[in-house]
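*Asks:* Residue numbers (this note's numbering), protein chains in the order written: chain A, 11 to 654; chain B, 11 to 654.
Hints were generated in silico from the structure; no laboratory data involved.
Keep in mind the model is a prediction, meaning the values are calculated, not measured.
Hints are supplied without guarantee of correctness; some may be wrong.
The list treats identical chains as one, so a pair stands whether inside a single copy or across any two.
Distance condition first, Cα-Cα at most 25 angstroms in a straight line; then the derived BS3-like pairs of lysine-lysine [unchecked claim]:
#, residue 1, residue 2
1, 303, 40
2, 257, 631
3, 234, 631
4, 384, 291
2 protein chains.
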Amino acid sequence: MDSKPESQQRPGRNGRAEPSNKDSLLGLDKVAKLAAQLRVDSIRSSTSAGSGHPTSSMSSADLLAVLITRHLRYDWDNPRSPANDHLIFSKGHASPLLYSVFKAVGVVSEEELLNGYRRFGQRLEGHPTPVLPWVDVATGSLGQGLPDGVGVALAGKYLERQSYRVWVLCGDSELAEGSIWEAFDKASYYKLSNLIVIVDVNRLGQRGETELGWNLDAYARRAKAFGARVLTIDGHDVAAIDEALTKAEQNRDRKPTVVLAKTIKGRGFSEVENKNGWHGKPLPPDMAQRAIKELGGIRNLVVRGPRPVLTRTKKKPDEPIKPQTPVRQYKLGEKVATRKAYGDALVSLGDRDPLVVALDGEVSNSTFAEEFKKAYPERYFEMFIAEQQLVAAATGLAVRGYRPFASTFAAFLTRAYDFIRMGAISGVDVRLVGSHAGIEIGADGPSQMGLEDLAMFRAVQNSTVLYPSDATSTIALVNAMANTRGISYLRTTRGAYPVLYPEDERFPVGGSKVLRSSERDEVTLIGAGVTLHACLGAGDILKKEGIDARVLDCYSVKPIDAATLAAAARATSGHIVVAEDHHPEGGLGEAVIDTLVEAGHSNLSVTHLAVRQMPGSGSSKELLAWAGIDADHIAAAARRLVGK
Amino acid sequence: MDSKPESQQRPGRNGRAEPSNKDSLLGLDKVAKLAAQLRVDSIRSSTSAGSGHPTSSMSSADLLAVLITRHLRYDWDNPRSPANDHLIFSKGHASPLLYSVFKAVGVVSEEELLNGYRRFGQRLEGHPTPVLPWVDVATGSLGQGLPDGVGVALAGKYLERQSYRVWVLCGDSELAEGSIWEAFDKASYYKLSNLIVIVDVNRLGQRGETELGWNLDAYARRAKAFGARVLTIDGHDVAAIDEALTKAEQNRDRKPTVVLAKTIKGRGFSEVENKNGWHGKPLPPDMAQRAIKELGGIRNLVVRGPRPVLTRTKKKPDEPIKPQTPVRQYKLGEKVATRKAYGDALVSLGDRDPLVVALDGEVSNSTFAEEFKKAYPERYFEMFIAEQQLVAAATGLAVRGYRPFASTFAAFLTRAYDFIRMGAISGVDVRLVGSHAGIEIGADGPSQMGLEDLAMFRAVQNSTVLYPSDATSTIALVNAMANTRGISYLRTTRGAYPVLYPEDERFPVGGSKVLRSSERDEVTLIGAGVTLHACLGAGDILKKEGIDARVLDCYSVKPIDAATLAAAARATSGHIVVAEDHHPEGGLGEAVIDTLVEAGHSNLSVTHLAVRQMPGSGSSKELLAWAGIDADHIAAAARRLVGK
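Pulled out of the complex, with its shape left as it was, chain A reads as follows (with noise of 0.2 angstroms):
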């Protein structure tokens, strides 16, 4: 077969070029063969590799090859253009399918494909990731391709104005996880027109039938209950893929538009075409050599789509001019929530920084991102009560190269913890502020109180978790966010305490504030947020008695500054007061005891000062004080350490 590319449409060196004449395209008749290529390759990767899922792929394989030679527009030599289409495999299992088109266009090699999938130190991994630079997002766990696309497209249609589309492939099983609905919601909510979602319904999940089978009318009804414009297609059938793909992109309708593609899994070979027991197995070598040969052989066509449109450069949305945004400037003494300092701190960063969006679950009033809204409505975007969206939008919006902030209270964002960790996969730098931390919020109760979330946001790989004390320390870490790579988790309280730091003075990542020290400190009191503000009053009380006590904040709890910390242990016979208004697991405590630990700090003596056991309601004085992490609490821990 012919290696050459066989279409006419090559991609300019720029990256832009002019919208495509379907007449260049390559022919429905080619593209079948093509389709028949994907399939052997499916095969050959994940048979080479002993695993993967080539019959997922199979049920694919036609939508892609249509996709790929005649709708999207997609430079394939220059993934980063910003006028590329994106194309996301929310159905990430299906990666036989999506390398074997990365091979069909030429970027990756029959010999990557063969001997790279699946192995060690190779980026054709299991499941999609970034470390290829024409996949915007991790996918593998189900349902988040969907909603990060979400925020791919709300990035076009509202922040650049780019004529690019996001196409996604979904799996039908993951038409199961409510986060899909959150995401057509939001699509039809913001009018994502520039969103085309391509559902492989091919019946079979894991274990067995999915819920609705081939139900496609359900599908159908439930989707455009949601909003979505539906086209429902026979998924092996070129032409009436190619025309439901040219009436998804004709769209005046301004919704997005759900493909519902009915198709077989394993469709090509016959010996498990619709065959339950074939999900995520790859054919052993003698069947795969059957199933090639009835696919009609190896090919190695290699074939490009359209080329991309870019309409625009101009990434700062068009708004009002105003005069700069002053920082906000706090009195020592006066009392500010963090919560609210981080709205002023938004509001500032956002006047010097266009590419800082603002994102919130429907408590913008309780976060203070609605002080941001108020400045720049355009660049903020209400994700209502809906957590996964709220942080798969930020995912999407970061994979445009924006720099978002998304806030809810620090215990919803449990609700988001599998697209959090998978954001850190996709290495995306997604800013995520948790309010209302702690037991510190009192009459509301337990199930509003963040107890788990910075063991959640810790035990994130290469995570940043930042928890201020006080409003100027919010303000410079905000600022620090917005240069920080990987997930960063700013943790704010609700009440009001005093401004404890002057306005120039610097929080680096990774730093602590030694407020208080002598020659002659017997203990060192450690907190962070709220209990910083308890450790200091500890100190008075300590004082009074005549011990020092150093008085740390632990600002950044990671990475943590391990250097201070030993100081501080060393310079007090290892005697340290932790507390923190959290569970005693993964939070504050553990980070301190196993930093100083792993340095080889030898003759601790560390109480651990914690949430530990079921909260209620009740002010945030009576809760500190039941839970033993306020100021006398403290004061009482450190007095038995220096046995007084």
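Model the placement of chain B on the given structure of chain A, informed by the hints.
*Replies:* This is chain B only, laid out in the frame that chain A set:
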């Protein structure tokens, strides 16, 4: 006003009763007065507390007045009666209304309502929790009450064959949560005609209008598309409400019913009706006075509704009698995956205990929950790819006294963290099982690797975290979980490893096993799961070099065996290597270190081996070596510690 029960239907002493006769129920004229009372009491309680959500309560007051007097079959004096209907406030912030209902049925006093609400040490918490005997599950994280209710309804329909109904009050804002649609999907899939969802569509969320406002048609289309029977009414017309609830009860459609009620937030007090800015705010005392006046003043009606009907008491589902399933026997040294042993254990446990039920998220052939499904199909619930509903269904089943085990990949339990956290607040005994832990899984790549699960589960209040290394201990720990309170978690491994323990070995929760020890031990090697096998390998390597190492199986990560850890640390001069197939934060390593330090152990020299970089695909062996948690790396770390 009369303060005696107005209904002639008073509950019998034994909680057993006949179906109610409509004529004997409270008349609709008096129901309207009760609704006014519920509004007044919602205002009084929240104003007295200085916080709370009166306006969100007022929109639902007519719905609840009709429900509790004429439809909810509930013996208020016997909340544990299995015949009672269930009433779940998915909109938990309407707690003033719920507590006003409790006053109206005479189980909470006026004094408690006015002086106990949201106060420290009291049971009328800011959001409902099962501290109150009439509350099934904690709510307040929106979108959870309905999924929990699906679990309660599953028990009634499939396990108990009880005729109780599950009434769930939802807010309109929470319909943006994907979990609500997971719930509707499962409710229709399982034909839960015993589930009646009342949606209070008051149009206003916390910070403004909801996405769909008063577009009840849009909600109706969505609910219908998800398989529900939909009734749309004016939520302030008591006759219309009564008619709708009667229709909901007379359900022959084998579908859940959704009553969409158009309501007005703050209904009944003209100064706040349908006004933005009044979410979550108590009325100031002067406004409260005017409101109470407008609502006709303080009332103290005491009412009762229909009595429950106990149809059956038999809890064990009908199943063909089958021979006692023996506990699977394993040979020492035989390679068995702990996930496979989990399936074996569950089958055996299910045979002995008819209250054990299993659920899985469409991966039962990977987690081996399918073994249970094959043995006891009537006690198995397939939740498809909907992990939030998976955990919520387990929660609802636990409410009815069953012992649910819910499984999926460890990585995907992150999807349900908010539900797990809330399950702990609900105080339910729910057993969760995460398979495919860590990088050990190999080729599938990071999206499928549970690397945050230990941190996530440890941080849950009163949780138990178990991580067996072999089949024998898996069997023992699954049996232990059956009687474990709160949230318990079992972490299983993909690959097969040698059986280490004889069948009579005991594995108490909170224990550990010393697998190698001598008086000459120079270092302690601590592992669990796959890293225990690596520790044993390291012990062999070191032995050949003349270094004796103690090897400890820390199968109970929480609670952890502090005494054995301390003894090992003392015996080996504080030299400890702890290795875990998990990110370094919040897992086994921090648990070990924190425990030793808090116990006052000094002179520790700990090397903490964990997965510190982003993994890719590869074989188990390659990845364990890459992360530095295999036998060679553990041996090398031990060598460094002992200075050899």
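*Asks:* Confirm or reject each hint.
*Replies:* Verification of the supplied hints:
Taking CA atoms no more than 25 angstroms apart as the test, residue 303 paired with residue 40 passes inside one copy only; the shortest distance there is 18 angstroms, against 79 angstroms between copies. In this assembly of identical chains, the alpha carbons of residue 257 and residue 631 never lie at most 25 angstroms apart, being 61 angstroms within a copy and 49 angstroms across copies at closest. In this assembly of identical chains, the alpha carbons of residue 234 and residue 631 never lie at most 25 angstroms apart, being 51 angstroms within a copy and 48 angstroms across copies at closest. With identical chains, the CA atoms of residue 384 and residue 291 are at most 25 angstroms apart between copies only, with a shortest distance of 22 angstroms across copies and 53 angstroms within one.
Of the numbered hints stated above, those contradicted by the structure are hints 2, 3, listed in ascending order.
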